[in-house]
Amino acid sequence: MSDKGLLNKLEQIAIKYDEISKQMVDPDVINDMKRYVSLNKEYKELTEVVNTYNSYKDILDNIENAKSILQTETDSEFKDMAREELEEFQRAKTDLDEKIKWLLIPKDPNDNKNVIMEIRSGTGGDEACIFVEDVFRMFTMFFKEKSWNFEVLNSNEGGTKGFREISLSISGEEVYGKLKFESGVHRVQRVPETESQGRVHTSAITVAVLPEAEEVDFELNLTDVKKDTFRASGAGGQHVNKTESAVRVTHLPTGTVVECQDGRSQHKNYEKALKVLRSRLYQAEEERLDKERADERKSLISTGDRSAKIRTYNYPQGRITDHRINKTIYSLSNFMNGDIQEMIDALIMAENAEKLNESKLDEV
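Following our numbering, the numbering of the sequence shown begins with 729 at its first residue and continues without gaps.
Since the hints were derived computationally from the structure, they do not count as laboratory data.
The beta-carbon is built from N, C-alpha and C at its ideal position, and this holds for glycine as well.
Here are the simulated lysine-lysine pairs, DSSO-like style, with alpha carbons at most 30 Å apart:
hint, residue 1, residue 2
1, 769, 829
2, 1083, 1037
3, 750, 762
Here are the computed distance ranges between Cβ atoms for each label pair:
hint, residue 1, residue 2, range
4, 1047, 771, 37 to 45 Å
5, 875, 1070, 16 to 24 Å
6, 793, 1086, 33 to 41 Å
7, 999, 919, 36 to 44 Å
8, 789, 1037, 49 to 57 Å
9, 952, 923, 46 to 54 Å
10, 826, 902, 20 to 28 Å
11, 801, 1076, 41 to 49 Å
12, 762, 809, 52 to 60 Å
13, 1037, 1076, 17 to 25 Å
Make a model of the complete structure from these sequences and hints.
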């Protein structure tokens, strides 16, 4: 894209930014919480682009001034200074060109949302349940490193060890944007604790990462929700099996069922279950719309197909391989201790490169 074309595109964004700024102080908008939240989110997302646009305009002006001096000035020392400044400004322009290119990549509107994560055992019996616990620990150590808050919403213990399933909520900065590529089948290859002959077994678990839906995102009609209570099971102290604190909610139109039993309070369990239900329904609607919009453009690192095998954890070889981007890291122990940022960065970079290629195709 030419400098003029880039400036025109950035100018349109700056005009939109100013319009949003004016709308946000309009009393009618302030009184409409859903609209205000949406505008405020868009305003924050555009701030860095507009600040970079202003810096870019200044750099272009400085380049023109330096070129003008070189053409009109007769003093050689002054021209040498202008020539040095021109080189410096052109280097700064090159850096800003690259930064703007990435800033203009279309962003996932859910990236800044908090997350509901559900981890479930798949094939492999007890070994899969143990791996659910291992992956749960891996993620929670990563959350602590990122200073994110997390809370277990529901858990179901395995037969001997681990969990058949565990769900949790995670809140922090850009949580969904960092975790969305974890959705899918995680396969483990290792010698189980119960294996006496040292044979390597293959087990699998599934991870679902849902953007947490606020009430302004998805309106859940409570008349469509059936609530049941039951006694909690599993570890948890004296209240377990004595009071009906566990809650099951069913969304009647879709048949979606959510259980929550880890809290002592029936009311709190009900609120948590509704949060998970709202997020599942919101995600289902998002996936339906995404399919309609981009059925012909299947992303290499799609977050939609939860049945797809995305990653293998091979213990004998000490490696983790992500099959979507063919990236292997030979540091399994560190990875399982929460050091997963390198893989996340690689997935984000692959997604951005893919989006950049698509935007270039759209310009042709």
